[in-house]
Structure formats: C-alpha cells, structure tokens
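Let's have the full structure, built from the sequences with the hints guiding it.
Each chain is listed here by its residues.
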Amino acid sequence: MKTKHLLSIKDLSVNEIKNILSDANDFLNKKSIQNKILKKIKGKNIINLFFEDSTRTLTSFELAGKKLGASIINMAVATSAIKKGESLIDTAMTLNAMNPDILIVRHNMSGVPYLLSEKVNCSVINAGDGSNEHPTQALLDALTILRHKKKISGLEVAIMGDVLHSRVARSNIYLLNKLNAKVRVICPPTLLPAGIEKMNVKVFKNIREGLRNVDIIMVLRIQKERMEGSFVPSEKEFFKFWGLDREKLNKAKKNALVMHPGPINRGIEIDSDVADDIGRSLILEQVKLGVAVRMSVINKLIN
Amino acid sequence: MTKIIFTNAHIVDPSQNINKIGTVTVENKNIIEISTEKISFKKNEKNKIIDCKKLILSPGFIDLKCHLRVPGDEHKENLSYASKAAASSGITSLICMPNTNPIIDNVSIVELLQRKARKESDVKIYSTASITKKLQGKELSEFGLLSEAGALAFTDAITSVHSSAVMYKALKYASAFDILLMQHPEEKELSDGGSMTSGKLSTELGIKGIPIEAEVIQVERDIRLAEMTNGKIHFLNISTGLALEAIKNAKKKGLKISCSTSPHYFSLNEKDIKKWRTFAKLSPPLRDEENMKLVKEAIADDIISCITSDHSPHDTDSKRLPFEIASAGSIGFESLLPLTLKIVKEKKLGITKLVNLLSTKPAELLKLNSGSLKKGNNADIVIFDPNKKITLSPKNIKSKSNNFPYEKTKGYGEVFLTMVDGKIIFKNGKLNI
Chain A
1 MKTKHLLSIK
11 DLSVNEIKNI
21 LSDANDFLNK
31 KSIQNKILKK
41 IKGKNIINLF
51 FEDSTRTLTS
61 FELAGKKLGA
71 SIINMAVATS
81 AIKKGESLID
91 TAMTLNAMNP
101 DILIVRHNMS
111 GVPYLLSEKV
121 NCSVINAGDG
131 SNEHPTQALL
141 DALTILRHKK
151 KISGLEVAIM
161 GDVLHSRVAR
171 SNIYLLNKLN
181 AKVRVICPPT
191 LLPAGIEKMN
201 VKVFKNIREG
211 LRNVDIIMVL
221 RIQKERMEGS
231 FVPSEKEFFK
241 FWGLDREKLN
251 KAKKNALVMH
261 PGPINRGIEI
271 DSDVADDIGR
281 SLILEQVKLG
291 VAVRMSVINK
301 LIN
Chain B
304 MTKIIFTNAH
314 IVDPSQNINK
324 IGTVTVENKN
334 IIEISTEKIS
344 FKKNEKNKII
354 DCKKLILSPG
364 FIDLKCHLRV
374 PGDEHKENLS
384 YASKAAASSG
394 ITSLICMPNT
404 NPIIDNVSIV
414 ELLQRKARKE
424 SDVKIYSTAS
434 ITKKLQGKEL
444 SEFGLLSEAG
454 ALAFTDAITS
464 VHSSAVMYKA
474 LKYASAFDIL
484 LMQHPEEKEL
494 SDGGSMTSGK
504 LSTELGIKGI
514 PIEAEVIQVE
524 RDIRLAEMTN
534 GKIHFLNIST
544 GLALEAIKNA
554 KKKGLKISCS
564 TSPHYFSLNE
574 KDIKKWRTFA
584 KLSPPLRDEE
594 NMKLVKEAIA
604 DDIISCITSD
614 HSPHDTDSKR
624 LPFEIASAGS
634 IGFESLLPLT
644 LKIVKEKKLG
654 ITKLVNLLST
664 KPAELLKLNS
674 GSLKKGNNAD
684 IVIFDPNKKI
694 TLSPKNIKSK
704 SNNFPYEKTK
714 GYGEVFLTMV
724 DGKIIFKNGK
734 LNI
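So the sequence lines, in the order shown, correspond to chains A and B.
If you're matching positions, the first sequence starts at 1 in the working numbering and goes up one per residue.
If you're matching positions, the second sequence starts at 304 in the working numbering and goes up one per residue.
Please note that the accuracy of each hint is not assured.
Unchecked claim - Covered stretches of chain B, as calculated for chain A (at least 3 residues, CB under 8 Å): (1) 495-503; (2) 508-520; (3) 625-634.
In case anyone wonders, no lab produced these hints; they're calculated from the structure.
Heads up, the beta-carbon is just placed ideally off N, CA and C, and yes, glycines get one too.
Below you can see the structure in the form of structure tokens.
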C-alpha cells in the first residue's frame, strides 16, 4: 500500500482496495498463504487503543492479529479520563514510545486517528472515529458483497437508517462509489446529512420507493436516544416507516441481500424475521469476513 | 518640549477629508498641527523630524473586538504580549471582550483591567462588559455603573443573548445611557454542538454542522427588537450573505444597526479546515467561497463598516485536540492590516476606505476621539508602507499563543511606526518598551 496508515477509504486507490479484498479472500480459502505470511509477522506488536466501547470490532482485530502471529495488546482506556480529550495525545505518545508496529484506534470523535497518525511513528488503523469513517467495515462489506454477487460494479445498493451519525455509511459511500456501485440512502429527513446529495448518492425519504430494484440493503444501527423525540418521535414510528421488515424487503429485487454492521436492534431498524433469514441475511457472514479483511489490512501495513 | 514632526507623509484622515501629502506635528501627548501646505520648520535640537516619504500616516487602528484573556487565562495571552503584538501591527486601541475568568460584569473587574493596562500596556486598552451577568443570558449587568467605570460597549462575547425578552429589556434599558450593544449573532439552539458550517464538507469530516441560517435568524430577531425599542446594535463577525442582506435592509430603514467582520471571513473559507485543522476552527465557523465573496462585496458596499482583528489566542493544549472539542478562534493582530489592505487593493476601494474600516468608523461607533488627526486630539498614529508585500506566518507572531491559520498567505502593508499619546512605541521593526 502507498499509505502508511489506513485512516480513510478516500486514501485508497481502486487497486489497493482490490488487493486488500483479494488477499482477504485468499486467507479464507488457502491455508498455505497464511503460513507464508505468519513468518513475517511473528513478533510484531499491535496495540488496540479503543477509547469507545466495542465488542465485535475489538475482538475481530484481536483475532486477526493473533491469527497472523502478531502479539496484540488491548489497551482499556477509561472513558471518563478521555472525556475531554486531555490525555489523548499523551496516551498515544506513551504508547508510541513502546515502539509498536501498528496502533488500532477507535474514538467517539471524528479525526482522532488522523490526529494521532501525525504524532506517532507507527502505522495507524482507523477502527471507527466519530461520525467520520470506519474503513475496515466498508472493506469487509465489500468482500461480503463480492463473495455473494461476484461483482460490485453496477449493483444498486441502498444504505438505510441513521445516515447522519453513521461512519459506516460514509466509508461505504466512498468505497461503493470507487467500485462503481450505484448508491442510494434512505432515511428520515432529520437523519439525512447536509450536502450528501453532492456525494454521488440518490436520496429517498420513502423506504418503499427507495428499496425498489435494489440488490443490496445495508441497514444501519440507530441509537435509542435518537428516537426519543430528538430526531424521530419514537421507536415504534421509526420501525413502522424506516425499519426493514418482510413486506418492505419485498419491494427490492427478489434476490436482494440484507446486511447490517451490528449489533442489531431487533424490531427497531430491522425485523427479526428478516435478520434471521439465512437465505437473505448476510449479517453473520459479515462478522466472519471481518476477521479476514482485518488480517489482510494488518498484513499489508506491516509489510 | 520636544516636538515630533512627521514630514512628507501621505496623510489619510477621513474625519477631516484629508488624503494628501503633508506634515503632522506632535507635541507632548497631542497633535498640535496638521498641514498639507508646504511649511517651513526649523531644524533644531528640540525638534525630532521623521521623514515619511512614500508612507501613509493615519490615525492608529482601533480594534473593536479582541480577546485579551485577562483576567484568568493568562497562559493564553496577557496585556504585555498583546500590547507588543498590537503596537507592531499599527493598532493603538484595543477593545477587549468580557468572556474572561471572572467575567467582566462588574465594576471591579473593569477597574482591575484599567490598572493592569496602565502598568503593562503601551497601547490603549478598553474593556467591554457583558450584557448579562455571568454571560448567562438571564439578568442584565449594571450598564450604568459599568459604563461610568469605563466599559465602552456591552456584549455577551461569543454567545448571543438567546432570550428575546432579555434582549428586548437590554435594548430598552441601554437607551437610558446611550450604550452600544454588540451581538455575536448565532442562534444558540441551531448551532448547539456544531463546530463547522453544515454542508458537504462537515458531512465528509463527520463533524456536526451549524447551518448558515443560524446567523441570519439571530440578526433578524435582533433587528426586530431594535426597531421595537429604537435601540442600537452592532453585529460582530458577520460571515454570511443572508445576514448581510438583512442588515442592509435594516440600515435602509434607518435603524441604528451596524456590523463588522474580521479578515478571516474574507480571507479563509471552510476548505481551509482541510483534515480537522483546529487552527481553522473559528466562531462563527468559516463559510463557503460564495459567502466569502459576499462578505467582500459588503465591505465594498459599506454594509460592513469596521474590520476587527477578532484576536482569539489559545494555548497549544486548547487546540491540539479532536476538532469538535478544540477551542475556536485565531490570533488576529498581525493579520488585520495586511489582509484588510489586500481586499482594499483587490476591490480598488482606496486608502481612505482602509482607514475608515480600521480607525475612523470604530472610533465613531464607540465615540472615541482617537481615530482622527484633528488638532488637539491625542496623538495616536500609525505610519505604514501600503505597497510592501508581506507573507503571513506563525513565525512572526508576537502574541503569547501561536494559533494562526495563515501559513503562506500574502498580504500588503508594513508598519513603520506606531505612536500612542505622543509616544513612539514601535518604529522600524523595534518595540520601544
């Protein structure tokens, strides 16, 4: 890879994306390649620096690092101490002094991995920052689509739910556009980010119109406090008008597939009936491929 | 007593309609003679003659809005640093904001600031006081007592008075003392939690946006209140075409409305934020290129009558943070003349316009007798070379902090000499302190 860090999908070329995805695919299919890489990575140090609670992304990176033979440490950062960000740079500088090879950073504020990347010597992977980006999620989503649809170019992809606060949505919009998919977003007007129509996406306020003729549906997680009158009047109302259930899913193509970055709110953004339909839902597959994609990213940055 | 005689100066003083080569004589604290005729004077030991060939001599600049961080935040700025930075930038009077710690909302803090200024500063420092006690937007400060003590104007600094009822009473009550209220117009709830202008860029950076309408909503409400009360309001840091349109209409109606902006809003735009660059985090936030253009036009059209430095120093720890929690503001003294002169040249507005924006108009607004070279006035003078090209850079900052968003920005104007009350405090790159 040209860049030392993985901070944003915007920094990746189409070829780099394809390479990451194809390596991840190899990790899944061929064990021999995995063994070759193991030797190079053995003894490398990775630190998971998570300033925000996470179970699946943290575990996924940890597992990816361990599978590659790196030693990986999880830094539990007390949320209270960093609330005002006081010790942010100091924490990173302290870790930097221990000479890690990769720092994997998650933070609830946009731009933090970039800020840290300017201060440390090692590579930085953005594991999700504020409402900005979550690049490895978009990469694993792309791999999931590729393995099921054999292509991404030309597919109609709908991203629905809380687009305003979603870093997953932003990373996916950038990546899907780079790979020539046709992207649309479906959400209540209060959760639509300003200027998004200039980011090469179509905007729908009505879910039934928005799902028409769609190949892939990416459902986003919505946080409960945003449905108590601040953005949407109630959970009940959100589910009725913007939640994905069987009836709305039927508006999409017959073989349309459903994705979700997790953890899912059943009965709010997605109905259990759809989430658990193994013929349509790729939710658990996404988790599985996440490990492979993160192995591929770690491997590329270390080499 | 020694006289200081400035000869061959291009004198620009809009208050007397002077824009001509001439001589200015200063004795003691005051201007004792100003002449555009050829005059003869005796070269003797008592007279100090300063040749000002190819230089402009005008009343010293009066900065209507700056943050000096005193009392309470002396790690960001203090009066001595601020005075040096102002003196070398041709600014002879500073009007500082009340959002200090403690807040300037009582007579003792106004007096404290005056005492400290006498000791630590060579430029004149005037304080404003808050419109509401503790800047809480609820109870009025003691307008009468504070203005008697020397508070020049009243403002809640970088917050607007949110309650219409409180602002209504403030405007009514202020009229008893003929006091000027200054408002930072940003509707509090629409802008709450936001740290850049909302739009494609804020969405791309994942930063909560502030709609540009937050400014005009506040401006329109205040204009309505000014009309109801026959009150006087000055809007600070105007940055959008929408607000300028509303102000233009209010002025046409004959209301006592005026406004200013700072060079940031016609020299920078939201693209300068790049990747969460906190030095470009300002309040109000930087706008798009279209609004930047409209601000320039409003300066040319006399809708904006003054340019302030909006000097807002911050220490490294307040800026080296994630964008959304970093402090807003930029250093401003060093960029005031160069960037204002740049737009005056770009728009071909003439040098009188520059002096109006930086000195004459702010003086009129605050009823200061500086801002004019009339015989008998205090000798607050700046002499500068308007054609000298300069490059703005954080390296040349004299302030205590260095949060300066300009790195290789070009501007015009090099200050040759600054004089306050007849005393030369800066000359040829050197501070006489």
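Going down the list of hints, with the structure as the test:
1. 495-503: Contact hint for the region 495-503 of chain B vs chain A: holds, 3 residues under 8 Å.
2. 508-520: Our answer is that it holds, as 6 residues pass the Cβ test (under 8 Å) against chain A, meeting three.
3. 625-634: holds (count 4)
Comparing the model with each earlier hint shows no violations; every hint is respected.
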